[in-house]
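Undergrad: One letter stands for each residue in the lines below.
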Amino acid sequence: MRSPILELQGITKAFGGVEALRGVDFALCAGEIHGLVGENGAGKSTLMKVIAGVHTEFSGRFLLDGHEAHFRSARDARAAGIAMVHQELSVVPDLSVAENVFLGQQPTNRFGLVQWRRMAREAGEQLKRLGIDVDPYSRLGDLPIGLQQLIEIARVLFSGARIVILDEPTSALSPPEVERLFATLRQLRDAGTGIVFISHFIEDILRVSDTVTVFRNGQKVAETAAAATTKGALIEAMIGRDGKALEHSYSDDLMLPPPNAGSVVLKVDQLTFARSLRAVSFEARAGEVLGIYGFMGCGQQELSRILFGKLKPDGGSLAVDGRRRTFGSTASARRAGIALVPESRRAMLFHQEPVYKNISISILERISSVLLKPARERAIAMRQVEQLQIRPPVVGLDLGMLSGGNQQKVALAKWLTYPPRLLVLCEPTRGMDVGAKNDVINIVRDLRAKGLAIIVLSTEPETVLSLADRIVVMKRGAVVREFANEAVSKDRLLEAA
Amino acid sequence: MASSETVPAGRKQGGLATFLRSQMRNIAPFLTLIFLSGFFAAASPSFATLDNLGNILTQVSVTGIIAVGLTFVILCAEIDLSIASIANVTGIAVAYFTMQESYVNIANFPMPGWVAVLLALVLCALLGVVNALGLTLIGIPSFIMTLAMMQIAAGISALLVRGQIAYKVPDVIATLGSGSIGGIPWIVIVAALMLLAGHLVLTYTRFGRYVYMVGGNREAAEYSGLNVNLILGSVMVIAAVCSGIGGMLGVAHFGSAQQNEFDSYLLDSIAAVVVGGTSLFGGRGGIGNTIVGLFVLGVLNNGLDHVNIDSFLKILIRGLILLAALVINVYAQRLRARTAE
Numbered sequence: 001m002r003s004p005i006l007e008l009q010g011i012t013k014a015f016g017g018v019e020a021l022r023g024v025d026f027a028l029c030a031g032e033i034h035g036l037v038g039e040n041g042a043g044k045s046t047l048m049k050v051i052a053g054v055h056t057e058f059s060g061r062f063l064l065d066g067h068e069a070h071f072r073s074a075r076d077a078r079a080a081g082i083a084m085v086h087q088e089l090s091v092v093p094d095l096s097v098a099e100n101v102f103l104g105q106q107p108t109n110r111f112g113l114v115q116w117r118r119m120a121r122e123a124g125e126q127l128k129r130l131g132i133d134v135d136p137y138s139r140l141g142d143l144p145i146g147l148q149q150l151i152e153i154a155r156v157l158f159s160g161a162r163i164v165i166l167d168e169p170t171s172a173l174s175p176p177e178v179e180r181l182f183a184t185l186r187q188l189r190d191a192g193t194g195i196v197f198i199s200h201f202i203e204d205i206l207r208v209s210d211t212v213t214v215f216r217n218g219q220k221v222a223e224t225a226a227a228a229t230t231k232g233a234l235i236e237a238m239i240g241r242d243g244k245a246l247e248h249s250y251s252d253d254l255m256l257p258p259p260n261a262g263s264v265v266l267k268v269d270q271l272t273f274a275r276s277l278r279a280v281s282f283e284a285r286a287g288e289v290l291g292i293y294g295f296m297g298c299g300q301q302e303l304s305r306i307l308f309g310k311l312k313p314d315g316g317s318l319a320v321d322g323r324r325r326t327f328g329s330t331a332s333a334r335r336a337g338i339a340l341v342p343e344s345r346r347a348m349l350f351h352q353e354p355v356y357k358n359i360s361i362s363i364l365e366r367i368s369s370v371l372l373k374p375a376r377e378r379a380i381a382m383r384q385v386e387q388l389q390i391r392p393p394v395v396g397l398d399l400g401m402l403s404g405g406n407q408q409k410v411a412l413a414k415w416l417t418y419p420p421r422l423l424v425l426c427e428p429t430r431g432m433d434v435g436a437k438n439d440v441i442n443i444v445r446d447l448r449a450k451g452l453a454i455i456v457l458s459t460e461p462e463t464v465l466s467l468a469d470r471i472v473v474m475k476r477g478a479v480v481r482e483f484a485n486e487a488v489s490k491d492r493l494l495e496a497a
Numbered sequence: 498m499a500s501s502e503t504v505p506a507g508r509k510q511g512g513l514a515t516f517l518r519s520q521m522r523n524i525a526p527f528l529t530l531i532f533l534s535g536f537f538a539a540a541s542p543s544f545a546t547l548d549n550l551g552n553i554l555t556q557v558s559v560t561g562i563i564a565v566g567l568t569f570v571i572l573c574a575e576i577d578l579s580i581a582s583i584a585n586v587t588g589i590a591v592a593y594f595t596m597q598e599s600y601v602n603i604a605n606f607p608m609p610g611w612v613a614v615l616l617a618l619v620l621c622a623l624l625g626v627v628n629a630l631g632l633t634l635i636g637i638p639s640f641i642m643t644l645a646m647m648q649i650a651a652g653i654s655a656l657l658v659r660g661q662i663a664y665k666v667p668d669v670i671a672t673l674g675s676g677s678i679g680g681i682p683w684i685v686i687v688a689a690l691m692l693l694a695g696h697l698v699l700t701y702t703r704f705g706r707y708v709y710m711v712g713g714n715r716e717a718a719e720y721s722g723l724n725v726n727l728i729l730g731s732v733m734v735i736a737a738v739c740s741g742i743g744g745m746l747g748v749a750h751f752g753s754a755q756q757n758e759f760d761s762y763l764l765d766s767i768a769a770v771v772v773g774g775t776s777l778f779g780g781r782g783g784i785g786n787t788i789v790g791l792f793v794l795g796v797l798n799n800g801l802d803h804v805n806i807d808s809f810l811k812i813l814i815r816g817l818i819l820l821a822a823l824v825i826n827v828y829a830q831r832l833r834a835r836t837a838e
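Sequences listed follow chains E and S, in order.
All residue numbers for the first sequence refer to the working numbering, where the first residue is 1 and numbers rise by one.
All residue numbers for the second sequence refer to the working numbering, where the first residue is 498 and numbers rise by one.
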């Protein structure tokens, strides 16, 4: 057994009285890919931030190459060869691809001037190793999100760090991109880099890792060789109860139900928008969940924005309950009975405002006239908090104090007091743990039973398969396949897209 | 009053330290006010008198009226640089529509008093609508749009008075601007009523809530199905009308209407709102903060006159106080963001 380059002993870290980590031991060897799994809030990211010098106050021993180390900042950690890709994208859209790859460490000549040509050449070479063929001079912001994420990963991978931490690096990547990322990770591992890989995709963890560690409630509950465990065993360790009932692999065929008899709530006809949508047509019916699946950049995001009146289509038409509509603003879409939950919680919630104001904001018109009725707002919010089991159940708490999964529930709760005709959900379960995913699935099924038309847009086949009664597959801005009343599986979806 | 705008929820977030940190933008301006008052009271026997309090109130009244509308704008994370110009042109307009003495060399259009007031109000509202359309429909950043409006309004003023000075305003404006009732100047009462109205609208109405939400996170407001453009447009019109009222009363208060007479009010109004602790990033603060800010500026301006100090140094001191307030404003935003994470 090689000796670890990084060893943590008895790490405890508390935030305002709440222990996020309790006596965690963790070791990483050179030339090892170490997978971390656990539900949201289990302590994975906190531990990684301790390693990367983001959290500097904690108790326990921190050994680097067998010597006690203490970082005062993320800068110290980088100087010691530790680099991290955070969950949130942190690239500079207005700089070129090459500048992003070399952010903060541009090659300079002896006069201190940036060597542009060398930078572009090396950036191009590094990106090719990840299978990305882009012009290093192009503006990063013009590229699809998936590519931007890969370029951020490239920056960290090729920074010369000995220890690389990747927090949910694959969430925005298409399957071929994931393959290329894994190939690169293996190359780096073979060259002696120690890699920590955090993901909710347990298949990914099992495929790429050598060792897997499971976290639950701030503690390490299992550490095992990846070859010696299974998805079921990991899920069971993660959630501490029998996970099989909660998790389908979706590798087998799933039978979609026969077409629903509900009335057509939304009819989209020949919708076009810039280069993103090409003559898209489909219908959504009451009491039915329509899944729209496709890779990142297939036009889903634009489609959802058009449905909610945030973007104006170049051509085509929308009809709600048989009436043709053009939305001048999101307010007119809301009044027409359409609700949208975008993929980013930050985009739809007010983090510095209390929970009840977040829930009441889209229904104030209906529950108050000119004057506000705060007591009524709180009562309505409390009902939603109880129904959706939002924790902690305090409607006066600032939203920013809630965990990610609970924030996602608040985002849904905004629309549920007066259910809309059509609910559009973008990536409703992205980045969620198994338990929270299950909660969301149950909420959506409830709403379907109440007769709402629901559209779920996702780039994750599992999300669509777990929710949809009918599935439309989009590819490069066009609808290429519809699955209804037939067998479908993850493979078939991926094949169609 | 200073703390009444913020969410009471802050209190539930844990320890006293956390609470104090989250309230920093309300506490710091208040402490500044107490400190300045104490300092001037100790330095000059003529400062802490009832008469002088009346002076201070009168001195901040015009700024206060203009600052009501500006508070709405800054709460939405926008800015209005045209407020002083619009105040000026509205004041000039109301004089323009009033019969002037024969020695005043202005080709004016005499109207009955109430028509003159109405026309002046329509004018400032229209200029506000132009600001609103430029901001929302065309998408010009408010900083640039209102910079242009500042020039446009100044241009209209210039055309109306052509370098002359007008003195007469309708009786009702003259009374409200320079009269008093029971020893209390009407202008102070108007300013107080407008601040109160602004506070009530922001705190207790749906529109007020929308203003805070749009300022707090514009994208989220849009994804909640709010008509963000309508709200932004409304605050620009509110700011213009408040400025117009301030301008009319100001002209009566100063006793004349002429070009450039409100120039110093742009900076004073912005300073009052920001010194009071309303966040430049939007969504935090309110009229209570603006009132404290008005008093800080009022006490400072007035107090410096009571102590023996180089009058040129006063300008520098005001600049430094404003800088300190900006530092606190940005710092408070950061503290708040950290506690909310």
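Don't take each hint at face value.
Residues of chain E clear of chain S, computed beta-carbon distances all greater than 10 Å [claimed, not checked]:
(1) 93
(2) 143
(3) 180
(4) 301
(5) 322
(6) 333
(7) 492
No more than 25 Å apart at the CA atoms, straight line, and that leaves these computed lysine to any residue pairs for SDA-like [stated by the list, open to error]:
(8) 373/E <-> 731/S
(9) 811/S <-> 634/S
(10) 312/E <-> 548/S
Source of the hints: derived by calculation from the structure; they are not laboratory data.
Predicted model only: the values in this text are computed from it and were never measured.
Ideal Cβ positions, reconstructed from N, Cα and C, are used throughout, including at glycine.
Undergrad: Give me the numbers of the hints this structure contradicts, sorted from smallest to largest.
TA: 6, 9 and 10
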